[in-house]
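Just so you know, the protein sequences line up as chains A, B and C, in that order. When we follow the working numbering, the leftmost residue of the first sequence carries the number 16, and every step to the right adds one. When we follow the working numbering, the leftmost residue of the second sequence carries the number 131, and every step to the right adds one. When we follow the working numbering, the leftmost residue of the third sequence carries the number -12, and every step to the right adds one.
For the record, the hints were derived by calculation from the structure and aren't laboratory data. Misleading hints may appear alongside valid ones.
[Unchecked claim] Some chain A residues close to chain C (C-beta under 10 Å, calculated; not the full set): (1) Arg33; (2) Pro53; (3) Gly324.
[Claimed, not checked] Quick list of simulated restraints, FRET-style, between CB atoms: (4) A:Ile49 to C:Ala74: 20 to 30 Å; (5) B:Glu319 to A:Gly288: 27 to 37 Å; (6) C:Asp23 to A:Pro284: 47 to 57 Å; (7) A:Glu30 to C:Pro82: 26 to 36 Å; (8) A:Val214 to B:Asp290: 20 to 30 Å; (9) A:Gly288 to B:Asp383: 57 to 67 Å; (10) A:Ser224 to B:Glu267: 53 to 63 Å; (11) C:Pro81 to A:Ala271: 42 to 52 Å; (12) A:Ser222 to C:Ala5: 50 to 60 Å; (13) A:Gly288 to C:Arg117: 49 to 59 Å; (14) C:Ala156 to A:Ile49: 32 to 42 Å; (15) C:Glu52 to A:Lys50: 27 to 37 Å; (16) C:Glu(-5) to A:Pro220: 41 to 51 Å.
Even for Gly, the Cβ is constructed at its ideal location relative to N, Cα and C.
Given next are the chains, with one letter for each unit.
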Amino acid sequence: MIRHLLSAADLDHTEALRVLDTAAELLALADRPIKKLPTLRGRTVVNLFFEDSTRTRISFEAAAKRLSADVITFSAKGSSVSKGESLKDTALTLQALGADAVIVRHQSSGAPHRLAASGWVDGSVVNAGDGTHEHPTQALLDAFTLRRHLAGGVGDLDGRRITIVGDVLHSRVARSNALLLATLGAEVTLVAPPTLLPVGIDSWPVSTSYDLDGALAKSDAVMMLRVQRERGAAGGFFPSAREYSRRYGIDSRRMALLPDHAIVMHPGPMNRGVEITAEVADHERSVIVEQVSNGVAVRMAVLYLLLSGSAGEQDA
Amino acid sequence: MNHPLLLKGVRPLGGQPTDLLLRDGVIAATGAAAVAEAPAGTSELDVAGLIALPGLVDLHTHLREPGREDAETVASGTKAAAMGGFTAVHAMANTDPVADTAGVVEQVWRLGREAGWCDVHPVGAVTVGIAGQRLAELGAMADSAAHVRIFSDDGHCVSDAVVMRRALEYVKAFDGVIAQHAQEPRLTEGAQMNEGQLSGRLGLAGWPAVAEEAIVARDVLLAAHVGSRLHVCHVSTAGSVEIIRWAKTKGWDVTAEVTPHHLLLTDELAASYDPLFKVNPPLRSAEDVQALREGLADGAVDAVATDHAPHPVEDKECEWSAAAMGMLGLETALSVVQEAMIDTGLLDWAGVADRMSTRPAAIGRLRGQGRPLSAGEPANLVLVDADARRTVRPLGLASLSRNTPFADRELPGRVVATFLRGRPTVLDGQAVEPGTARPAPVGSLR
Amino acid sequence: MERAAGTERVVLDDRDVARALTRIAHEILERNRGSDNLLLLGIPRRGVPLARRIADRIAAVENIEVPTGSLDVTMYRDDLRLRPARALEHTELPPAGVEGKTVVLVDDVLFSGRTVRSALDALHDLGRPRAVRLAVLVDRGHRELPVRADFVGKNLPTSLVERVRVLVAEYDGIDAVCITGTGLHPSEADPARAGGLR
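So here's chain A without its partners, still in its complex pose (with noise of 0.2 Å):
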């Protein structure tokens, strides 16, 4: 297994795989009476928040008290050290403190990168989110989500039809969303304005599109994509919220048009009436609220393998 979890381009196709058959196994303990399992004591994960998201935090430091971690959270939004030296500053600090993993969200891209390649801390980095770059995790329960609902909960997505609608330009989740279901074998499609698309995208493994009533009728899964307002009239990137809606969001005409067995996903937070109405996210097919709690399993399969072997591979 990989030292890191950088970007979702670090797992091949068998080590994605076997993130999301540990993840499954996972998911079902959390039934048991007793949830925590002693895999992971005495080991120390730190939560380094460099950016607010309760909802990631949440999600990880759940993962890390189940394997019976000890967990540290390391909030440095709006303290004294905004920038620069403190990322290396902080990383010392942790690594006096002996973290076996530290997982990492930044406002900057790369900065989980500096942190692991830089050499100043020892334990393994998850990224958790960096700037407009990636978020593997997320990427990993999406697929995780996807799998359970179009392939069964075994083997990949070959063949699946994925359209991913939104705001691709800053979007991390879509960035480590079209790394990782190509790589799962999924057909994936980006649906934007094409202002909200990325200069170099014929580079991507996906195609692209911008005309989302086209796109719908040939998905197994459509995943919205979160847009701020603010790239709205402020950012030139559309001219209106309503316009945005209109031509690149969910409502109930377009939920029809998706095939039966399709599914709807968000990776949160929502702006219901921006790029989904509240009867679509509300709707059977929504599989939303299962993302969340898929979210745990899989950030506990991902700290298990990290931190497996991993003194075994300090000592060869």
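We have chain A already, so just place chains B and C on it with the hints.
Below, chains B and C without anything else, positioned relative to chain A:
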């Protein structure tokens, strides 16, 4: 006064071996005459095989003084320049305070004289505080002791077309030139790296080539319209080279420079997220690198300029977006040009002398720099061992800063000696402190 | 230095395995005074089919279905830091769970005892059985923990350099127990010494 010095077996511009006699700050004689005219007590130095070039002239150096003496000082930066074979540098204006008055440019000029490593020619700011709004007192800087001829808001683009037009017009009165940092500000808000396939994948905000090319195109047209001189700083894209080449065919007075790093490195290095590779303009694609080399070879691009930009360790030892932009350049420039231009057969050593000394001196209107290596000319020269190879060690650099993108990389060539008006500032690859009682260099530097 | 790794001896063939399992089934019934309250939990992978086969034999004798399941112990192992990560196996319990049951853990080989220690911890997190017993097809000795099997198919004295392989039809196509290795006494099997003899 300096000892007379006879350089034996040197190859001017990489040509046939000859002897050069340096006396009283000039090249007193060459060839057989050099030996014949050497007075008694002349020191002889066997430099057989070394290549002599006119002392290098940098159009674009950030010496950081006044204001950021933790990153570089005039003394440390000019020492680095001497180590790199330079005998003159142009000190950029974006200091703190900004070099936008006669007082500041004279201060920098004087610090350069006192340090004594190489000539320091301050660049004056185009606008007050390099804020892009009001013209600075360009005339006062031109008339000052610093004798400023190049004006630049480098680091910032003079993006307002009217301000740029007025600046181009105004400097005609004293044969000045506006050196433009071509970067359309709105197209590059928050920009972190070259916009292309990689920026999309890395999630770093893109700096598109068009943001440079749009300004270059506008400025060559403005320069033609008002009949003035334009110099384009650090061109980085194939499109800019093409526009400048076209402007030259029109006969317009447009010159351009390229940095050593843009001749060798590509944006792929950003994939490491190591801010050592963060620079403005950003490292571009391999196609851009090739176009820049070809432009430099055919003369569309006139000069190599280092854009030597020292930054303290803490400004680079951080996450990419928080890091400062810029790279060291003075001490590696000649080696990089050798690898990119000589080893590829695109330029010979005479071409390198032209692009790194003659033409930059002409653009800066410097007298006594960038001159031929012939009798009667000022003895500003650099001796290069082209066959040597060396590994760049950041801790071994004379600069106060360590932010070289070539760390631990092996590069060809080595500056063996630099002479500033006959006085060695570097001998046998070692800096010679100015003002120290200089032992007569005798022996061999082979 | 070449070790005699290629020499694999079959120590139990399919009929031996069948007999051993039948005997274990009888012993379990005898010890438990019938099949009441029994739960057979196999330890993956090969303990699982063995548990099922023992249940089949009990069914044949008593005409009653004894519940079986599987208990993965990976997350409870004490050597996780030392070895590369392993994939998890299935844990599957009958709906009634382990509470108050007489659980018989079934594994293919008893060696150091560490797997059984892990299994006891895993079981503890699932509930409180009335009693826990241990059935193994092969006991090869070399215990590192105070663990003893209640039901043993075959005691197989081995040296530490040997490897015991249990094959089951469900995974391997045949039933057999094999020993790979030198077959020499541990001291004689010392590779350095073996090399010296050449």
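* To do: Determine whether the Cβ-Cβ distance between C:Ala156 and A:Ile49 falls within the hinted range of 32 to 42 Å.
  => With a Cβ separation near 35 Å, C:Ala156 and A:Ile49 satisfy 32 to 42 Å, so the hint holds.
* Between C:Glu52 and A:Lys50, does the C-beta distance stay in 27 to 37 Å? -> Given a distance of about 30 Å, which is inside 27 to 37 Å, the answer is holds.
* Asked: Okay, C:Pro81 versus A:Ala271 on CB: inside 42 to 52 Å?
  -> 43 Å, holds
* Hint check for C:Arg117 and A:Gly288 - Cβ pair distance inside 49 to 59 Å -> 58 Å, holds
* **Cβ distance range 41 to 51 Å for C:Glu(-5) and A:Pro220, holds or violated** => 46 Å, holds
* Within 20 to 30 Å or not, the Cβ separation of A:Ile49 and C:Ala74? -> This hint holds: roughly 23 Å between Cβ atoms.
* Does the hinted range 20 to 30 Å hold for A:Val214 and B:Asp290 at CB? -> Taking Cβ atoms as reference, A:Val214 and B:Asp290 lie about 27 Å apart, which means the hint holds.
* Asked: Measuring from the C-beta of A:Pro53 to each C-beta in chain C, is the shortest one below 10 Å?
  -> At 6 Å from the nearest chain C Cβ, A:Pro53 passes the 10 Å test, so the hint holds.
* To do: So, A:Gly324 near chain C? Judge it on the closest CB pair being under 10 Å.
  => At about 4 Å, which falls below the 10 Å cut-off, the nearest Cβ of chain C leaves the hint on A:Gly324 intact, so it holds.
* Could you see if the CB distance from A:Glu30 to C:Pro82 stays within 26 to 36 Å? => Hint holds: Cβ distance 34 Å, inside 26 to 36 Å.
* Asked: Is it true that the C-beta distance of A:Gly288 to B:Asp383 lies inside 57 to 67 Å, as the hint says?
  -> The hint (57 to 67 Å, Cβ to Cβ) holds, given that A:Gly288 and B:Asp383 are roughly 59 Å apart.
* To do: Given the range 53 to 63 Å, decide if the beta-carbon distance of A:Ser224 to B:Glu267 lies inside it.
  => Holds: the Cβ-Cβ distance is about 57 Å, inside 53 to 63 Å.
The earlier numbered hints are all upheld by this structure, with none contradicted.
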